[in-house]
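Student: The chain contents come next:
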Amino acid sequence: MLTLFGMSVVIFVLMRLAPGDIVDILFAAAGYVNEADKKLIMKELGIDQPIWVQYVEWLKDVFTGDLGKSYRYDQPAWDVIRPLIPVTVELAVLATLISIVLGVPAGVISAVRQDTTLDYVLRVFSLAGLSMPAFWLGMVIILALVSWAGWIPPLTYVSPRENFKIHAVQFMLPALAVGYRSSALLMRITRSSVLEVMREDYIRTARAKGQGERKVIWRHAFKNAVLPVVTVIGIEFAFLIGGLVVTETVFNLPGVARFLVQAILWRDYPIVQNLVMFIAVIVILSNLVVDLLYGWLDPRVRFAD
Amino acid sequence: MATKPVTAADTGLELVRAPVARPARAGVWTTVVRFTRKKPLGAAGAMLMLVMVVAAVFADVLQTHDPIATDAAHTLAPPSDAHWLGSDHLGRDIYSRIVHGARISLVVGVLSTLLGSVLGGIVGLLSAYFGGKTDLITQRILDILQGLPLLVLALVMSAALGPAVHNVIIAISIPIIPRAARVIRASVLSIREMQYVEAARALGIGHLRIAFGHILPNTMGPFIVLGTAQLGSAVLVEATLSFLGLGVPEPYPSWGRMLSVSAAEYAQKAPWLVLFPGIAISLAVFGSNLLGDALRDTLDPRLRGS
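Protein sequence lines, in the order shown, are assigned to chains A and B.
Quick note on numbering: this note's numbering labels position 201 of the first sequence as 201, and the sequence is numbered without any gaps.
Quick note on numbering: this note's numbering labels position 87 of the second sequence as 87, and the sequence is numbered without any gaps.
With the rest of the complex left out, here is chain A (with noise of 0.2 Å):
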């Protein structure tokens, strides 16, 4: 609660200090300054009184409900965010998904069988892919489909209901950009964790019982391993936002990060404000999450206190 105050006093400065404001942006694409309108359009929208009534005046909307209105699309800043959030929660929700399928196991892998070509093969692949900016991997994937198969993506929207099969294509593409670079993060934490866990003597007992390897690996090491395993999802599929605002914008897609950007470039004060406390909130909620799953998944948590 406390973070998200602070936060919210560091999002509300930041964006006051920007040089430029929305009525120079409109004003500069009239061509034509009056500056009897350009007061009047200012204390319309509430931007010649000083930063702190400002900043007091938005907390009492925020906290009865109300999120301002859009200064560029003269609409309540809630309408225009609201049909956002399926598609950046699916793109979130299908990247982490793609991430776990392709890093777990890998980490695994790559753990049981350490220093050996299979392991340098798939470090050098996880390290890749923390290295190739996502939104150009985007690029990449929609040129090799243009040039290879001939396909080209549609390039506007296209909602579930429209057309189920060019929907799920549209979404699985950037899903799979982002999802790569996530999965080489969970594929690395999972390797290290399932190392340490390994070395451990009750796996050491396993084994001199004559249990088979698999279930030595998954049943014994792996459920040991999997917390810090579980504590980077929850990071990740929070931080997936930051990635998807470039991925987003490649792949034309309508979610809440594009339209941070073109909020930001905007100076619409309202929906940026709005957007990065969407976002803080969504960090602060993946986080306990993650808490009570630690619960949930270890008893020795949920018996400490």
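Derived from the structure by calculation, the hints contain no laboratory data.
For each residue, glycine too, the CB sits at the ideal point set by N, CA and C.
Check the hints yourself; a few may be wrong.
[Stated by the list, open to error] Residues from chain A shown here face chain B by an in silico Cβ test under 7 Å; the list is partial:
#	residue
1	6
2	14
3	131
4	132
5	139
6	146
7	148
8	149
9	242
10	283
[Unchecked claim] Here are the computed distance ranges between Cβ atoms for each label pair:
#	chain 1	residue 1	chain 2	residue 2	range
11	B	133	A	288	21 to 29 Å
12	A	121	B	36	39 to 47 Å
13	B	245	A	223	42 to 50 Å
14	B	201	A	93	38 to 46 Å
15	A	205	B	217	55 to 63 Å
16	A	166	B	220	48 to 56 Å
17	A	9	B	134	55 to 63 Å
18	A	9	B	245	37 to 45 Å
19	A	85	B	60	47 to 55 Å
20	A	85	B	32	21 to 29 Å
21	A	265	B	224	31 to 39 Å
22	A	143	B	69	46 to 54 Å
23	B	118	A	288	31 to 39 Å
Following the hints, complete the assembly by docking chain B onto the known chain A.
Tutor: Relative to the frame of chain A, chain B by itself:
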């Protein structure tokens, strides 16, 4: 008889300063060979970084064309003898632009990493050294900064500061501060309890001097590891910001900018516009990641895999 001035020799204090035999240091070359043998991937990363540094330093020599000169007669030229990696929609030579882009990427990456790690390091050092309420308040503030994805924070920052090279550096360094502060704080917390710190205090040495003179040098290992690890992500964030038009402004040839809208528009006709700058970014980040991993394993085994 004039009184002889008291020298260090008379008091016996010199004994304390007498040079102590140092363990023989391995030569630089031996160290390099040993590192290469033990960490081939790390050495490969170091090579990539070296290539990037060379490109950045000697960009003016390595270029084949002026990186910002337009050439209306040769727009979107495919890779050839004249344009090794092709030319863009304004006829600018991609190869020369990539070589010069290394300069921007490296300068922005290194400076923002340095700025962020040094500021964060100082915050972490003082926070851990003084402890108590100072530590508590600092940690809360860092929580706030860390609660946002790195890219989102950098995005808002660079929008707020306006597009200019030094602003981009500041915008990228801010999200690094809390990460650096955490790492240095953790390592200072354990060093603080060591006996030599207690001894220094018993000798009456001031707090700041203990913190900076006696504790700080011992956090260099984690500091270097942190720096190399952050360098890659700083380069990546710079590319992303420039791609979105919030980073390094024209006419500087920045890798991220080369990939932005105009490149996407011509991508089908001229795929080299998209491929080569992206490969440059990936190799640079890949190199610093490889090197960072190897350094971490060598300098700070406790952090392995984290």
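Student: Which numbered hints are broken by the structure, listed smallest first?
Tutor: Hints 7, 8, 12, 14, 15, 17, 18, 20 and 22 not satisfied by this model.
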